[in-house]
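Protein sequence lines, in the order shown, are assigned to chains A and B. Its first residue numbered 1, the first sequence is counted upward by one per residue in the working numbering. Its first residue numbered 1001, the second sequence is counted upward by one per residue in the working numbering.
It is possible that some hints are incorrect.
[What the hints assert, rightly or not] Here are the simulated DSBU-like pairs of lysine-lysine, each with C-alpha atoms no more than 30 Å apart in a straight line:
1. B:1023 to A:79
2. B:1249 to B:1231
3. B:1156 to B:1065
4. A:34 to B:1303
5. A:34 to B:1156
[Unchecked claim] Cβ pair distances, simulated, as ranges:
6. A:60 to B:1009: 27 to 35 Å
7. B:1272 to A:64: 39 to 47 Å
8. A:91 to B:1231: 56 to 64 Å
9. A:71 to B:1288: 47 to 55 Å
10. A:38 to B:1056: 21 to 29 Å
11. A:47 to B:1272: 34 to 42 Å
12. B:1306 to A:71: 38 to 46 Å
[Claimed, not checked] Computed footprint of chain A on chain B; a stretch qualifies when at least three of its residues, placed anywhere within it, have a C-beta under 8 Å from a C-beta of chain A:
13. 1092-1102
14. 1297-1305
Hints in this document: simulated from the structure, not taken from any laboratory. Please read these numbers as outputs of a predicted model, since none were measured by experiment. All C-beta atoms, glycine included, are put in the ideal place defined by N, C-alpha and C.
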Amino acid sequence: MATDTQLDLWEVFIQSKAGLPYMHAGSVHASDEKMALQNARDIYTRRGEGTSIWVMPSKYIVASNPDDNDMLFDPSNDKIYRHPTFYVMPEGAKNI
Amino acid sequence: MHNEHSDAHFQLRIDNGEHIEAKDYMPDAYRKHLIRQMSQHAHSEVIGMQPEGNWITRAPSLRAKQILLAKIQDEGGHGLYLYSAAETLGVSRVEFIEQLQSGKAKYSSIFNYPSLNWADIGAIGWLVDGAAIVNQVSLQRTSYGPYSRAMVRICKEESFHQRQGYEIMAKMMKGTKDQQAMAQDAMNRWWWPSLMMFGPHDTDSPNSSNAVKWKIKRETNDELRQKFIDKTIPQAELIGLTVPDKNFKLDEKTGHYKISEINWDEFHRVIEGHGPCNKQRLDHHIKYHQEGEWVREAALAYKQKHLKKELQTV
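Work out the full structure, taking the sequences as your base and the hints as a guide.
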C-alpha cells in the first residue's frame, strides 16, 4: 500500500458570472489537469455557482508569510493621499 | 511590540474576533483540536452516505430517487470540502483515511444506526440533517478560516436536505394508517440518537471549554441541542407525529422545551463501537477504498505517461 496516494492537490478558482473576478473556492485532489477540472466541476459547481473554472497545482502557489504583514501592508496606511477623499475640492465643483 | 508567536497574542486575536489562517501562529493544542474535530466532521459526511445509499435503488418514485442521489452526492462533496480544509493543518488525506479505517478517528455515532425502511430516509433528512444544520450554522463563525468557509458553503446546501426529509415525513403522515405508523416508528427510533449528536452535557464534555475559549465552537453542546429541540417539536406536532418522550413539556417562562434525560449509556456504547452498524460501516468503507486502488494507480500511470511525452517533445 506504500505506493497508494490520494493524488496531487489542486486549488480551484471559480468565476460566478462573466466579467466578475475569479474567487478561490477550495481544493481538489487529482492526478492531472483534466481530472482536476472535472473534480472541481463536480465538487464546487453543483448549483450554478460558476460559469468558468480555473485549477492550478497547489504547489505553485506562493503565499506571503503572516510574519511579514507589518512590512508588507503597513506602509500603505500612511499614504492617505492615494485616496480621492484626501483632496479638497473648491465649493461648487461638479462631476469630479 | 508583542510576540506574534505567543499564545497570549493568539488569544488576543481570537478575542478580537479575527480569523486564524493556515500559516498563522496557533498553539499546538488548537491545531490538534481542529484536526480532530474537522476530520471527524469530514468522516461523518462520508460515512453518512451509507445509510441513505442503501435506499437509492428502492426509492418509491423517480423524483425521490433523483433527490436522494443529489443529496448523497452533496454529502460526498461536503466530506471533500472538509478534508481539504483539514489538510491545511498539515495532515495528509492518506493519514486521515488511515485514522478512520483503523478506528483511531471517530465519526458521528448516528450513522451506526440502520435505515430500515423508506420512512427512515425522511427521518434522517429531517432529524439528522436538522441537528447537523443547527451545529453547522453555529460553526460558520468558527475561528479557523478554512473551516469557517467550508461551513458557509455546506450550510447553503444543507437546507434542501432537511426540507426533503420533512416533506417525506409530512407526506407519509397524510397517507394510509400503515404509512403513518411507519413514519411514527422512524421518529421513535431517530429522535433520541439525533439529540445525542450534539455530544455529552456541557458538564461532562472534556473538549468543550478550550473549544469555546478559542471560538472553535461558538455555542456549547447543550445550547445547540436546546435550539434543535425547540425548532423540531413544533414541526413534529404540525404533521401529527408524537415525540417519543412522555415527560417533555414547554416551559412557559423560558419558552424552551424540557425533555427527559438522554440515555447516555447508549451514547457511550455506540461511540465505543457497539452500535448496530459500526462494523458494517467501516468494513464497507475499507472494502471500497481497497477496490478503488487500481483506479488511483491507473490515474498516476496515465499522468506519468504524459509527463514522459512532454519531456520527449521539449
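Hint by hint, here is what the structure shows:
1. B:1023 to A:79: holds, 28 Å
2. B:1249 to B:1231: Since the Cα atoms of residue 1249 of chain B and residue 1231 of chain B sit roughly 14 Å apart, the hinted pair holds (cutoff 30 Å).
3. B:1156 to B:1065: Roughly 22 Å between the alpha carbons, so the hint for residue 1156 of chain B and residue 1065 of chain B holds.
4. A:34 to B:1303: holds, 10 Å
5. A:34 to B:1156: This hinted pair holds, its Cα atoms lying about 27 Å apart.
6. A:60 to B:1009: 27 to 35 Å: holds, 31 Å
7. B:1272 to A:64: 39 to 47 Å: For residue 1272 of chain B and residue 64 of chain A the Cβ distance comes to about 46 Å; the hint holds.
8. A:91 to B:1231: 56 to 64 Å: This hint holds: roughly 58 Å between Cβ atoms.
9. A:71 to B:1288: 47 to 55 Å: Cβ of residue 71 of chain A to Cβ of residue 1288 of chain B: about 50 Å, so the range 47 to 55 Å holds.
10. A:38 to B:1056: 21 to 29 Å: holds, 22 Å
11. A:47 to B:1272: 34 to 42 Å: holds, 38 Å
12. B:1306 to A:71: 38 to 46 Å: Holds, since residue 1306 of chain B and residue 71 of chain A (Cβ atoms, about 41 Å apart) stay within the stated range.
13. 1092-1102: holds (count 4)
14. 1297-1305: It holds: at least three residues are needed, and the stretch 1297-1305 of chain B offers 5 whose Cβ sits within less than 8 Å of chain A.
In terms of the numbered hints stated before, the structure departs from none.
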